[in-house]
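Asker: Each chain is listed here by its residues.
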Amino acid sequence: MQQITEQQILSLAPNPAAAANGRKISQKGGFVRLERSADDTFYLGECTGSGKSNYITTADYIVQDAPVFRCSCPSRQFPCKHSLALMYELLAQKNFAICEIPEDILKKREKKQAKATKEQSTENLSPEEAEKAEKKKAASKKASKAARTKKLKKQLEGLDMTEKLVKELMRAGLGTMGGTSLDNYRQLAKQLGDYYLPGPQRLLNGLILEIAAFQKDGLEDHYEQSIDILEKLWTLVKKSRQYLTEKLEKDEIDLDDNLLYEELGGIYKLSELEELGRCKKDASFAQLAFWVDYSEARKEYIDTACWAELKTGEVFMTYNYRPVKALKFVKQEDSIFGVADAAMTACYPGEGNVRIRWESAQMRPVSEEDLAQLRSHAISALAAEAKAAKNLLKNAMTDTILYRLIAYKEIGNTEQGPALRTENGDTILLGNAPGMEVTTGRLSVLPDEALYQDQVLLGAFYYDKGERRLKLQPLSIITKTDIVRLLY
Amino acid sequence: MDITPIYELRIRLKTAIIAGTSLLAEDFRLKRAVEAIQPLLTASPVFAKIGQLVQALLAPGQEGKEGLLLDAISLVDAVICTQGVVAVSGEIEPIRAGCYGTAVTNAPYSLVKTLIEALTSAGNGRYSYVIETHKNQPHLFDDYRIKTTMVEALDASYADLANQVAEWLVEDGENVIPLLKGGFDPKGKRGMVRRVEVLDGVAGAKENDFYLEQLAVAEKEVRQALIYALRHDPNNIDRLLEMIKTEKGSSKKAAYYALAQQEDSRVSEFFWKLMKKKPEDAITYIELSETDWASEITAKGMMDLLRPWTSDVEGKRLTKMQAEMVKLYWKALPFKHGESIAECYRMAASIGSRLSKPLEGENEVWKLQIGDSRGNKLTFRRVMPRVLDRAIYLHPTKELCDLAVELYENVKNTKEEGDYFIPVFTAKLLTEENCSEWLKEQMEKGTILGEKRRHSIVKYLEEGLRTLQWDNKEKAHILYRWMVNPVDGRNHTIVRKIKQKMSGEFIEILMTLDSYQIDDTLSNCIAPEDTKYHDILLEYFYRRALTVSENRNYCYILKRLGGTKFEGLAVHYFRNRNLVDRWEVSWYVDQMPGSAAEKAAEIEKVFDMIKSKKLKGRNITEDWMEQYLDSVRYQ
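So the sequence lines, in the order shown, correspond to chains A and B. Under the numbering used here, the letters of the first sequence match residues 1 to 488, in that order. Under the numbering used here, the letters of the second sequence match residues 489 to 1123, in that order.
By construction, these hints were calculated from the structure, which means they are not laboratory data. No residue lacks a Cβ here, since even glycine has one placed at the ideal position from N, Cα and C. Among these hints, one or two may not hold up.
Coverage of chain A stretches by chain B, computed from C-beta distances (three or more under 8 Å per stretch; other residues unrestricted) [to be verified]:
1. 386-398
2. 408-422
3. 449-458
The whole structure should be built from the sequences, with the hints applied where relevant.
Answerer: In structure tokens form, the structure reads like this:
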């Protein structure tokens, strides 16, 4: 029988209500018939509906990590509650009678297989067809090179415009940025979109938001945030100009894995990252923390998760961007309590905690062996790691937070606040990074004292400007048997 | 190496960014800051670079100062970051854990975060979301992330939510004490008051030291709540007697209420004296007191007042003051016990209708508003059994239950019979596993009153069973009632598990009563795992829907319980209407169980009746019928 976890069901459900409805159907004995194929790739359930006739719902696991659900109910939700209920039946390990795979399912499988084969294979093309395909490819390559060149030049123009804007602002001073001038800046920010510069556009929007907020509440902190943005914007403009100019001069217009491509607002396709050789094969990642941020500058919700690779202990990030305008169409992600085994994982360029993405991954529960493996990679030389963290965090272009696994001897209270101590006596204060939800308060209400000793912490290094100190925000505690999340 | 000059430089560079590079030439503070870093310039290349940049900033005629300023501050920020302190001085004290009753639930973001937001922010639907989640997933509320939020939620702007959370925290027990005390502000607002109330409910006398400590500075409502919390510890008696003299307003009242809870001869003497001087105050303050002396004072006071009416007194009327006193006694009686209280009830029962007269100087018969669940005004003779019922609900002791039976038997075949049925029925629900035989006897015994008696009892059964429901957390059938606490003026929910089994003959009797109210109660009494009664009741409700002319409520029940039978429901309903409106059709279809196709088929039969003039429709044309049927079929 398929091994299903509730987590998998929740991740497939279009929303929590659908999952809850599916659970209810299963718990109330909604299925009058349950069958499966002898090879455990096909499952069928006959479910009572609100009408006279029952619904037939099936789950086809011919591709293990991409099951196909079908149901005769009229719901447009996908997967529907009956499909989810069928998964709950599997979760509950109910008794499924053996059946033959229906003819229509077999035909659908064949059709799908044939399509996949056709897309992959070029070997069967005749010489004329092959030449035609090659010419078409070359023509499209030429056209896209011209388009990319044009784009790069336009971006350079946009960077010039941005630089001019920043210089004018520096000349006049941040203090003059307010009232009607903010509207002008908003217009200028909009224009950056025409120059293929969504990255600088977002930064400029962020700056405008900080100044607008300062006008409302007068808090100095907004100026600090504004300066951080200006530093990043200035560095981005300078480095990007050099990068783009070099590409044009050397006629190396093709996509590369320079961090600046994304910082300028470029979006990598998974296939592009694979072509650039930025992928890991057969890697396993355990999710350690999850949360959702909202960026007013981007007008997007960002579902963020920290994953630790079991083999190396390195912490990676996944981001799911959900624009406000398209919220209805992009599914919100949720916490995953398990390990993702991915055949192919794309890694984005960058320093610190690199972003990863996969097309599909097999989810499984975390085992004690997984946890042991993770714990074995945790850093114990805190002082050295803190130094490395500072060297990374000091750069204007990198993220202001760095996530790491730290092995600690104890977590407790000091006069200055909660703190962590490693086996070799290194200590660091625990705090809450700007923009992150408070987690230190939750430390003191954990249910088990053992969590404060000899464990591994997923912590976020950040620089506290007010105290001029490097601190660590606790996000999750990894024990020998569990992952205790201080976030979600 | 002291890098203080670098921090100062940073401040000046920030100021320059705010003021603008056009004013750099006049920035003497920046110049001073640049001078101050000179000794550091040889310390490392990066400081030298900073020096270079800031010198260029100040150089007259230098081009590109805007960029230089940003370069300079970026570099300074990078240096400051690398200089950030890491190590912590001093000892690390262990954190005491495992004492908050929290748990690791591994609940996902979608559940936990939504619940946290519902508990801490304002907005429509949040209260019902919290209630539903607590009903369906109570374990979530033990999650350590939620537990701390619940304490925050005591300050929620929506009072019902905050009060409900307070009740849940009390149920959690002593684990929550450290969370309540952490960050406590004795000068705070409603949230802090609720913290005290929860502490009071959970810890009682154990936190007496905390109450006293906070009282030193507490103000207003928090002070009042802390004073009331002193009632648990008899060592506070002298203090409370003193507070009655020194406190003012609500705090003074709180001191009275707190003192009244003490079983002590000094307190008894104090209140006996008060009873002589100001009986209305005395009875008010001893309302909640369950002490022996409070029972004696209440019994004596009430019987002295009622005694003249134990025989017929022509023309005599209660004064308004006496009527107000009776109302106070009614509030106090449910918390009292003992033989003298029983005598009080007997005396009141013997008075019967003698007090069902106008008050002195009035024309209207004296009626009251407490007791009847429908909010009807009741006379004295009808209120007294409800007071006894309330007393039994609070404390179903053998003495009170036997008293209820005794009084009920005494009034059999009189018009008081129905009213005195209520406390007996409550007593049986709370103390007996199966009162079916007794219930059948009450309903079927042939007497002069016959059908009228049966009807009367159904009415009182409706009243007695009104709040009965299955509670998923308690895993039991419960009754709940609200009682106003005079100290804080709030409604508090008091829940009681019934002993009566909701199965077998008892349910069968309830299904014969032809009462929608009881049917509604039954629909709330189905335990989720009880598929047997779920099916029995579904079938019963379906049959009832085909019997009663107004069956919309049954449709709602059927749909809520997942019923699928629909045939004949709409036809039966509309057949009894004089006129069919469009909105009524839509409304009914919404309430009906059944799939879209089935609903359409059923409503089509109703439309056929309209077409054949068996029913009259208003604004229901053939076109509209066709369009509407399509909209139902394809919804």
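Asker: For each hint, tell me whether it holds in the structure or not.
Answerer: Each hint tested on the structure:
no.: 1; hint: 386-398; verdict: holds (count 7)
no.: 2; hint: 408-422; verdict: holds (count 10)
no.: 3; hint: 449-458; verdict: holds (count 3)
No hint from the list above goes unmet by this structure.
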